Amino acid sequence: KFVLNSGVLIAGILIFSSLASAEQLKTFKNQELRYSIKYPADCQVKTLGRAIVFIFPDIDKKTGFSENINIAVGSLTPPVPGLEEFFSKAKGNLTLGGSGVKILEEKKDKLGGVDAYRIIYTSKQKKTDFKLLQVISIYKNEAYVVTYTALPEQSSRNLSRVNSIIKSLKFTD
10 KFVLNSGVLI
20 AGILIFSSLA
30 SAEQLKTFKN
40 QELRYSIKYP
50 ADCQVKTLGR
60 AIVFIFPDID
70 KKTGFSENIN
80 IAVGSLTPPV
90 PGLEEFFSKA
100 KGNLTLGGSG
110 VKILEEKKDK
120 LGGVDAYRII
130 YTSKQKKTDF
140 KLLQVISIYK
150 NEAYVVTYTA
160 LPEQSSRNLS
170 RVNSIIKSLK
180 FTD
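Residue 10 is where the sequence shown starts when you use my numbering, and the numbers rise one by one after that.
None of these hints come from the bench; they were simulated from the model. Quantities reported herein were computed from a predicted structural model and do not represent experimental measurements. Be aware that a few hints might be false.
Claimed, not checked - Pairs of lysine-lysine, BS3-like flavour, derived with a Cα cap of 30 Å:
1. K47 with K179
2. K133 with K111
3. K133 with K100
4. K111 with K176
5. K133 with K176
6. K55 with K111
7. K98 with K111
8. K38 with K100
Please take these sequences and the hints and turn them into a complete structure.
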């Protein structure tokens, strides 16, 4: 049994967002949740419980949306599911509620050197289409979900930069 709703965790945090063109990186460290990650210095950082949102400065004039990367961490209760089981349930929850989710790609990956799954999908929220990239992993009984959220037309222009940020995540003990 999961302590948190994996569908909510997977859906990402669509309220916040953005993508920066800054060259300088800062390091964000979360001692309690045991990770660090490098992010662009011009990002705004918000904490929402066990989630951290890195909001990039560019704002879409039409929608008011900014691209973002968020990291959500949820505790798993014993017996802790395997990564495949957790990913399968989380992916299944994406399509609940008829939110127009279309899965574009899924594959095995790494997050902080730990086995993970990567999924790319589109979703419609309040008449706006979004493209999301998520990397999902389990580390020491915690589910880590890193989500990049963008408008579909913005998503590919910053993909290599976003991948570099995600790859910078390191688990700490």
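Need the list of violated hint numbers for this structure, in ascending order. none
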